[in-house]
Amino acid sequence: MSALSDNLVTFAILYYLIAMIGHAVEYALGNVRTRVATAAPVRELVGAGGGVIPTPPAPVPSPPTADRSARKARLAGLIGVGATAVAAALHLAALVTRGLAADRMPWGNMYEFVLTVTFIGVAAWLVVLWKRPSLRKLGLFLTLVMVLLVATAELVLYVPIVPLVPALNSYWFVIHVSTIVFASGIFLFGVVPAVGFLMRNGYEQGKRSFPYTLAKRLPGAAGLERLTFALHAFAFPIFTFAVIAGAIWAEAAWGRPWGWDPKETWAFISWVVYAGYLHARATPSVKRNVATWIAVLGFLTMLMNLFGVNIFFTGLHSYGGLD
Amino acid sequence: MTVVDDRPETAAPAPRRRPNRLLALLRNSWRQLTSMRTALILLFLLAVAAIPGSVLPQRGISPEKVNEYFVDHPDWAPRLDRIGAFEVFGSVWFSAIYLLLFTSLIGCITPRLRDHVRALRSRPPAAPKRMARLPQHTVLPAPPGGATAIAEVLRKRRWRVEVRGDEVSAEKGYLKETGNLLFHTSLIAVLIGVALGSWYGWSGNRLLVAGADNAFCNTRQQYAEAKLGPRVDSADLPRFCLRLDDFQARFLDSGQPEFFNATVTVDGPDEATRRADFSVNSPLRLNDASVYLLGHGYAPVIRYTDRFGNSQISDEPFLTTGDMGLTSEGLAAFPDANVDPATGQRAPDQQMAFTGIYLPTAPEQAPFVRSQYPTERNPALNLVAYRGNLGLDAGIPGSVYQLDQRQVRTGKVKEVGTKLLRKGETWTLDDGTTVEFLGTERYVTLSIRHDPGSTMLLISCGVLLIGLMGSLFGKRRRVFFRVVPADPGEGSPTSGSSLMEVGGLPRTDYPGFADEFTQLIAAVKGGDPAAERAGVREGAE
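For the protein sequence lines, the chains are A and B, in the order given. Going by this note's numbering, the residue at position 50 of the first sequence is 50; the numbering climbs one at a time, nothing skipped. Going by this note's numbering, the residue at position 124 of the second sequence is 124; the numbering climbs one at a time, nothing skipped.
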């Protein structure tokens with residue numbers, strides 16, 4: 001069962017790669033399409049005035065070659081989405097088999113943790129994509145993140161299955177870790193539209209240097225920004241709950257709810273930074289791209305907490321399993 | 001934290017009067033402090049200031065690592081220490097940041113609380129004259145009942161409704177601001193809870209060896225290290241005693257622990273006498289204290305018989321060295337050895353001490369330095385005997401787990417032999433005295449704590465979470481209805497009836513407002529929402 005799980009992870013990475021290539025091809029072929037479609041600008045997912053009922057863009061008469069190219073691009077994009085869905089299914093199967101093999105929730109070490117966080121991220125992406133198909137082009141960035149993180153988990157963080165140490169053997173393990181994983185997955189997904197917005201926003205302001213040109217075919221900046229906020233506003237209370245649950249558990253296990261253990265310290269830092277993002281976004285005088293940079297910074301602190309703290313520092317949360 | 005930008009400029013002061021400079025300065029500083037920009041900067045500073053607390057070792061968490069850091073970086077450490085880098089979370093600068101942040105917070109939420117209470121008590125405002133300028137606007141045939149019927153539908157949908165003649169104003173989503181204020185207020189409560197815990201709480205760590213002779217009572221002196229809050233006196237400690245009766249541990253074949261359980265007898269004036277079990281993750285809850293199981297180990301029982309035939313027993317705990325197999329190191333000191341029973345004379349150079357390594361599962365062959373498994377499958381005690389003046393009478397505080405190395409260096413204590421003992425074995429030293437390894441007792445490492453702020457902390461965290469969700473997901477919005485007689489010239493769909501003009505205003509960022517507006521109108525009209533959609537047009541921003 002354990003070996004099956006490992007194989008499933010490898011296949012999932014393969015499918016994420018296929019998905020990434022599909023999205024990349026769509027991106028490359030999209031040139032023609034955007035040139036043609038300039039008459040009908042990319043549909044925004046949410047109107048600036050709030051809640052526009054989307055109406056299909058008026059058909060634009062286009063030369064047949066461009067039309068064929070656009071159809072090819074669309075096909076590549078759909079292949080990308082399909083491959084992402086297959087990869088997500090394999091990913092889930094890998095987690096389930098890992099959990100069955102270990103006879104516990106598969107969140108006992110860093111390998112399992114990263115695997116679960118990335119799954120939550122991709123699942124949230126598929127849900128959002130289902131509701132707002134116009135976001136499809138973000139898939140390139142999302143699959144890139146998935147390939148990087150899942151491959152890192154597989155190549156660097158992998159550890160064989162071991163049971164939990166007594167300190168982790170508590171129902172709080174399920175409550176605390178599941179919510180942390182869930183919130184982290186949403187934050188992970190949230191950084192994709194955040195970065196997309198920063199690039200697209202620059203592009204819309206007329207910047208044509210390197211990173212901004214990538215955003216040429218992304219959905220509109222306002223929509224990306226709104227999605228960024230929605231994801232962060234959704235994840236933040238869950239993250240808050242997870243930290244509180246952790247404090248309650250820490251009181252029972254270590255005798256104090258909060259002890260500035262490195263992991264706790266970084267959770268505090270992340271919480272403060274994300275709180276800063278939510279405040280900055282609610283303040284009209286703070287520009288939206290400044291606020292979004294804070295969200296990106298928040299994600300970097302989450303990464304630091306996941307990788308940096310487990311690898312460089314020793315603390316009570318030393319569950320990385322890497323020696 | 002006030003969103004300053006939203007506030008209307010205060011009226012300009014009377015032109016000719018000279019303002020008090022100091023007052024103006026104070027007022028401006030206060031405004032600066034309570035502005036969102038300052039709050040954001042303080043939040044950011046708080047995050048940055050916490051970083052050294054995770055990078056550098058902290059006294060409160062691992063004092064021994066701080067000492068190591070001093071040894072490794074002799075030039076840097078004192079400088080860092082001067083700025084409080086080893087006690088970041090208690091340092092002046094960290095406290096300054098969060099106190100300023102909380103002052104800013106209080107300065108911001110107090111006026112907002114006042115405004116919100118006023119808003120909660122006031123009625124929704126009158127409909128604007130030109131409703132067409134609202135983000136949502138439409139004109140439709142009015143329902144038969146007119147304003148009263150509209151108000152009825154709105155009330156059913158839990159809007160706060162005010163009817164003024166032919167006009168209906170309604171507002172909803174006060175929960176957003178309520179949640180926001182609740183969230184920020186409970187942050188203050190969290191801080192108070194933490195403060196209560198550190199002022200009135202106390203904690204102590206201790207090793208407890210099994211057996212009736214080793215029972216421990218909760219007094220200041222009985223702790224190896226104890227921390228009492230500034231408002232706690234030694235006499236305030238609750239009176240109870242603990243005796244370790246049993247300790248069970250189960251390990252996997254790899255040596256990884258799987259299960260721990262300690263059984264103790266609780267006793268004392270403040271506690272009912274009883275037996276109790278506790279383990280990792282489920283502490284022993286007493287009336288005014290909680291007992292946490294942090295670790296465990298072995299205390300070798302060693303009997304030394306001196307030249308006069310007097311026997312003494314040591315069962316000091318040996319500290320684990322941190323490996324999987326529970327290899328432990330310790331000291332058995334016999335300062336009262338070789339006291340002549342006839343004269344009662346002490347021979348200061350005839351004191352005995354044994355340093356040792358205890359291996360619960362010793363390897364088959366030498367070197368006998370590392371245990372292979374945490375349970376006692378093949379126990380062996382590797383002892384080094386010392387004789388001489390142990391230096392315990394000098395009054396210099398020393399560790400009970402280590403031999404005073406100064407005495408060894410100065411030659412006052414001499415090594416007299418080394419031997420590996422199995423359970424029950426006796427070793428006869430060069431002077432004919434004997435040392436016997438009788439067996440082991442289990443010991444547990446306990447943390448005993450009382451935190452009077454924890455209940456407040458828990459409650460305020462719960463409130464915080466509820467407030468946070470209200471603040472993030474609540475949506476404040478207003479709708480206005482005006483019933484006007486149908487213009488006979490325009491030929492309304494239902495001739496003879498009246499029309500209603502409807503306007504909607506989302507007061508916060510709310511992308512779904514248009515949909516809700518459509519549904520609301522449909523409900524008021526009692527018609528099909530899809531049909532109405534065409535009638536709703538987007539208003540000017």
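Hints are not guaranteed to be accurate.
Here are the simulated lysine-lysine pairs, DSS-like style, with alpha carbons at most 27 Å apart [stated by the list, open to error]:
no., chain 1, residue 1, chain 2, residue 2
1, B, K475, A, K263
2, A, K263, B, K65
3, A, K287, B, K475
4, B, K176, A, K287
5, B, K65, A, K131
The hints are simulated quantities; they were obtained by calculation from the structure and are not laboratory data.
**Study point:** Index of numbered hints that the structure contradicts, given in increasing order
**Key:** 1, 5
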